[in-house]
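Q: Sequence:
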Amino acid sequence: MKQNSQLKIYNTLSRTKEIFEPLSPPFVGMYVCGPTVYGDAHLGHGRPAITFDTVNRYLTHLGMKVRYVRNITDVGHLQGDADEGEDKIAKKAKLEQLEPMEVAQQYTDSYHRDMLALNTIKPSIEPRATGHIPEQIALVQAIMQEGLAYEVNGSVYFDVLKYNETQKYGKLSGRVLEELISGSRDLDGQSEKRNAVDFALWKNAAPEHLMKWESPWGVGFPGWHLECTAMSSKYLGKQFDIHGGGMDLMFPHHECEIAQGNACNHQDPAKYWMHNNMITINGQKMGKSLGNFITLQELFTGEHDLLEQAYSPMTIRYFILTAHYRSTLDFSNDALRAAQKGYKKIINGLRIAKGLVFEVDQNEEIDEKQAQQVEQIITNAYRAMDDDFNTAQAIGHLFNLLKKINSIYTGQLNASHLGKEVFEKMINTFVVFVEEILGLKEEKPDHQEGLLNVLLKIYADAKLAKNYSKVDEIRGALKEMGIIVKDMKDKIDWAYEE
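Quick note on UniProt numbering: the sequence shown kicks off at 1 and runs consecutively.
These are calculated hints, taken from the structure and not from any lab test. Idealized CB from N, CA, C, for every residue including glycine. Any given hint could be a false lead.
[Unchecked claim] 35 Å max Cα-Cα, derived DSBU-like pairs, lysine-lysine:
#1 K491 x K444
#2 K17 x K369
#3 K65 x K403
#4 K345 x K463
#5 K271 x K171
#6 K8 x K425
#7 K345 x K65
#8 K369 x K425
#9 K234 x K162
[What the hints assert, rightly or not] Pair ranges (Cβ atoms, derived):
#10 K441 x A335: 20 to 28 Å
#11 E435 x Q412: 24 to 32 Å
#12 Q448 x R113: 18 to 26 Å
#13 V176 x E424: 50 to 58 Å
#14 E303 x N363: 52 to 60 Å
The whole structure should be built from the sequences, with the hints applied where relevant.
A: This is the structure in structure tokens:
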């Protein structure tokens, strides 16, 4: 655990970096918007999952006790993120002739499979919208009692203009209400809403609507924005520390959550709002209509026209971490191959670090300059993470640490020059950052280590016997499998080909 951290988080609400001060330290409540489960997880799901998994990991590393809640949207998310239209899951169910819950279960399971492959830690609680209908109905009633919602023909809408008389609708996204109203004039007279900017809390269900429940206003279903307010307040309280999600959710989804929270609880639901930026594919926005929509499974298998090869889950995780979460991230084959190379360098370093043992050399004294350099690199790595979880910079500092580790491994630097304390701190920091904070792990088939050791023994014997054709045969076969043989002065070792 790192002591005396000065962690700063960029708060979208204030548009500044703020020192992170939990409401009830050491406890931290974090709510992240999860997927709408009507299709396989894609890159757009992968980025927030890895971003907030890393946030969770680092806060835990700092000694905080995190309750991480990430929801599953299995009802209420209509086509086009609007208040009218067909439920995304119900539409998929009709197409595939399934029950909506079959669709939701199928894609929830596939989402969990992909999240496991990406080595994300399961959230503390993963509530579903359909499991919290009574809470959502109660929330609508509370907002109506405050005079900030109205019922029309069995549907209930949030009165944005009334709310805006005492609060500021648009303070998170920077949207100006007057501009939103003027941009929606064409809807006047065509909607049952009082104002086009009002949003649905509860929708009356047509007879053919598949997913519906009894309510005080008749048979219907909850609006999309309602579930997150209901579930976050149930599991984290009326106000909690961090609310996270993709930048595309800032408006209207998160803006509406703030309005709902203020309407019924008289305070903003979260103290810090974090948003990861968007993903582009070869410089273009990702979208099904553009033909550049890539699922995580397609990335893992390479089965997509835009992919020149398969990319492993850890390559994808590493690639996402090499950019700051608030910057745009462009996927291309060149960038992914570079990430694959970088990931293998880190994992080769991890193997080396775990195998190094400090041996005292009585003839060598501590080199203060070398020791101070290592201490500074460690400090820099933590400073990067404390600066709004800057994993991109942290990885750069890890490579500087890896240079020192490799120098000891190859004999260019004597471990005694660092002293036992600095040496162990260096090894521990590298291992902890790679595995615990960044969540990277070695991807290897079962029994790989044992089989490689056997092959290297045969390789060493062939070399000793000067059977160079056998030496070349083993070296070539291993190279085809992405393994290179390292002939060193005092031993023979292996590494992943970078």
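Q: For every hint, state whether the structure bears it out.
A: Hints versus structure:
Annotation: proposed proximity of K491 to K444 holds, straight-line Cα distance about 22 Å (limit 35 Å). At most 35 Å may separate the alpha-carbon atoms for a hinted pair to count; K17 and K369 meet this at roughly 34 Å. Between the alpha carbons of K65 and K403 the distance comes to roughly 34 Å, so the proposed pair stays at or under 35 Å and holds. As the CA atoms of K345 and K463 are separated by approximately 27 Å, the hinted pair is consistent with the 35 Å bound.
In summary, the hint linking K271 to K171 is supported, as the alpha carbons are separated by about 14 Å, within the 35 Å threshold. In summary, the hint linking K8 to K425 is supported, as the alpha carbons are separated by about 24 Å, within the 35 Å threshold. Straight-line distance between C-alpha atoms of K345 and K65 comes to about 32 Å, which keeps the hinted pair within the 35 Å bound. Between the alpha carbons of K369 and K425 the distance comes to roughly 16 Å, so the proposed pair stays at or under 35 Å and holds.
Taking the CA atoms of K234 and K162, the gap is about 26 Å. The hint holds against a cut of 35 Å. Checked against the hint of 20 to 28 Å, the C-beta distance between K441 and A335 comes to roughly 21 Å, which is consistent with it. The beta-carbon spacing between E435 and Q412, approximately 26 Å, falls within the hinted interval of 24 to 32 Å. At roughly 22 Å, the beta carbons of Q448 and R113 sit within the given window of 18 to 26 Å.
Separation of V176 from E424 is about 56 Å and conforms to the stated range, judged on CB atoms against 50 to 58 Å. A hinted range of 52 to 60 Å holds for the C-beta pair E303 and N363, which are about 58 Å apart.
Consistency with the previously given hints is maintained throughout, with no hint failing.
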